[in-house]
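There are 2 protein chains.
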Amino acid sequence: MYTYTMNLKEYTYNIFIGENYFNEILDRILQTHPYNKIMVITDQTVSELYLNAFSIHPDTFIETFVVSDGEKSKSIETASQIYEKLAEGNFTRKDLILALGGGVVGDLAGFVASTYLRGIDYIQVPTSLLAQVDSSVGGKVAINIPQGKNLVGSFYQPKAVYIDVAFLKTLPIREIKSGLGEIIKYAMLVDEGLVEKLTNLSLETLYSHLQEIVLKCVEIKGRYVVEDEKESFLRMHLNLGHTIGHAVESYENYEVSHGECVLIGMYYMAKLSENQTVMITLDRLLNAFEINNIYNYNWSDLIPYMKRDKKNSGYDINLVMFKNVGETEIVKIPFEVFEASIRRY
Amino acid sequence: MYTYTMNLKEYTYNIFIGENYFNEILDRILQTHPYNKIMVITDQTVSELYLNAFSIHPDTFIETFVVSDGEKSKSIETASQIYEKLAEGNFTRKDLILALGGGVVGDLAGFVASTYLRGIDYIQVPTSLLAQVDSSVGGKVAINIPQGKNLVGSFYQPKAVYIDVAFLKTLPIREIKSGLGEIIKYAMLVDEGLVEKLTNLSLETLYSHLQEIVLKCVEIKGRYVVEDEKESFLRMHLNLGHTIGHAVESYENYEVSHGECVLIGMYYMAKLSENQTVMITLDRLLNAFEINNIYNYNWSDLIPYMKRDKKNSGYDINLVMFKNVGETEIVKIPFEVFEASIRRY
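Here the protein sequences line up with chains A and B, keeping their order. According to my numbering, the first sequence is numbered sequentially starting from 6. According to my numbering, the second sequence is numbered sequentially starting from 6.
In case anyone wonders, no lab produced these hints; they're calculated from the structure. Treat the hints with caution; some may be incorrect.
Copies of the same chain look alike in the list, so a pair counts if it fits in one copy or across any two.
The calculated SDA-like cross-link candidates involving lysine to any residue, where the alpha carbons are at most 25 Å apart (straight line), are [as the list claims (entries may be wrong)]:
#1 Lys42 x Asn323
#2 Lys42 x Lys276
#3 Lys235 x Tyr161
#4 Lys99 x Leu220
The structure presented is a predicted model; accordingly, all values stated were derived computationally and were not measured.
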């Protein structure tokens with residue numbers, strides 16, 4: 006069991022990482038914060054597997070809200086339904102929202118928590134690898150609108166995050182690969198031993214190293230968040246691969262996993278770097294985990310989606326460029342210059 | 006022209022109070038912050054009277070979004086429409102939302118600004134007396150859901166507030182009286198010369214004293230906000246009259262003005278105080294501005310609405326009680342005790 010403490014300027018909370026302790030999480034939460042009521046937000050698949058461990062407690066009234074699986078639930082409509090259920094259940098600022106699920110559930114539940122009554126407590130229990138290493142860490146919460154992903158949201162930190170790698174045993178391989186997308190991003194972004202560790206693993210041997218890998222990713226992301234909670238500059242490095250990745254996601258109507266889209270974006274950024282070490286290292290990491298088929302897209306399809314990305318401030322675009330493995334820089338260039346460059350690949 | 010500086014812990018901004026300078030506001034904003042794009046959010050009535058002064062500028066692209074008059078526009082549906090217009094117009098974190106209107110427009114536009122792209126800048130130009138002395142000050146923004154008023158929102162400070170009392174010349178008397186509701190609340194809450202000043206005025210003589218009165222109210226509210234931005238305790242005093250007031254508002258389907266509802270709530274709190282000075286002072290203030298007909302309500306109708314108020318944490322209720330004119334205290338009592346007390350009046 007590991008604990009990472011997120012030491013923000015005005016606020017501190019813990020991220021716990023362990024294996025097979027999910028049955029104790031509700032007890033642990035209530036020992037630290039004796040909430041009167043908890044609204045557990047989860048999705049169909051997770052609810053069938055794990056909701057039992059989170060739906061009954063002798064000291065606390067627990068309601069549950071089960072959303073449909075998938076990105077479509079990160080909508081204003083679903084958020085509205087949860088607001089109404091919270092209000093009808095007389096949830097107050099003393100109560101808790103618990104997000105039990107992957108990135109969709111975490112982002113949606115966190116956004117609802119950030120805005121219901123101008124903010125009530127929430128705790129993340131991420132059940133997907135992607136959520137454990139990325140979306141549950143750092144307080145970025147959001148929902149989608151028809152014009153794009155995460156266009157409506159908040160910076161809003163949880164009271165705690167409880168990560169149990171045992172959840173990952175029931176994940177389909179596609180979801181593991183999606184999480185690996187962000188893990189490989191951290192490796193390419195700062196390295197710090199992650200490249201070597203990962204290239205020596207495979208999909209078969211991964212599980213027994215997950216606690217340390219998740220901890221390492223949480224530590225890396227945590228550092229960026231502590232330095233730049235509201236993403237004014239430094240935190241932008243975490244968007245490595247995301248400019249193109251988000252465009253692919255929108256273009257594919259969210260049917261390609263987020264992690265894979267990040268890999269696709271990073272793959273083109275690696276090409277753009279024209280640095281052989283970057284290309285070779287990324288290829289080795291992709292091979293280790295049998296991630297093939299980095300699809301080819303038609304730039305004319307993706308460009309309009311990129312233009313709408315919220316990170317593309319004003320007429321310029323902030324681009325996370327590879328200098329080398331473990332070394333990136335943020336380059337602010339006119340979107341048209343970037344467009345001309347990538348069209349060559 | 007007065008300037009009040011809101012000195013928050015992490016952030017400072019100015020509230021400007023003047024007369025008949027609204028034609029210069031756009032210039033002043035752009036001199037301080039050279040925004041690329043501005044989305045002006047306003048309502049039907051205000052747009053007909055004043056939008057001209059805010060819709061064209063040689064240096065900046067300005068779009069406008071006109072909502073229907075009235076509380077119904079403070080909805081998730083209207084917020085969604087604005088999000089979509091912002092996204093379609095490629096508004097980024099470098100752009101501005103300008104709220105030109107009363108409390109409905111300010112709350113709605115501020116909430117959209119707090120959540121679009123996880124927060125973009127907004128500036129308030131309040132055009133109603135209520136918004137000038139209350140809702141535009143302090144960063145509480147929100148929308149309504151069917152279950153109640155302001156149940157979804159944020160604490161989100163504007164970049165600046167530009168108050169022009171000239172807007173008030175075109176306000177119907179009902180709206181002036183609504184603003185007076187909150188002004189009288191400040192007088193009853195802290196006094197500081199406001200009681201005497203106000204009792205010597207009338208609806209006819211009010212206008213020529215408005216700049217100083219608005220400044221005084223902004224200063225009073227500002228002090229509470231600076232001490233307790235997120236309303237953990239001290240700021241609750243500003244809710245004087247609001248527990249019952251909000252219930253009346255919901256019960257009346259928002260057809261009775263907010264300020265009048267606050268007066269109704271304060272009136273019952275004055276009765277409950279059983280303090281003659283409080284009762285007499287409030288009566289004199291109401292008489293000075295010809296505010297009669299403090300309606301009688303059936304408690305059985307109002308109680309369910311009070312129970313749902315977001316300030317009523319857990320099973321207890323935080324009540325702002327009069328000790329005397331200019332002196333209040335927050336009393337935490339079980340809702341049932343409060344219910345039994347007010348049922349006697």
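Structure-based check of all given hints:
For a Cα distance limit of 25 Å, the shortest separation of Lys42 from Asn323 across copies, 19 Å, qualifies, whereas the shortest one inside one copy, 43 Å, does not. With identical chains, the CA atoms of Lys42 and Lys276 are never at most 25 Å apart, being 51 Å at best within one copy and 35 Å at best between copies. In this assembly of identical chains, Lys235 and Tyr161 lie within 25 Å of each other by CA distance both inside one copy and across copies; the values are 10 Å within and 14 Å between. In this assembly of identical chains, Lys99 and Leu220 lie within 25 Å of each other by CA distance neither inside one copy nor across copies; the values are 30 Å within and 35 Å between.
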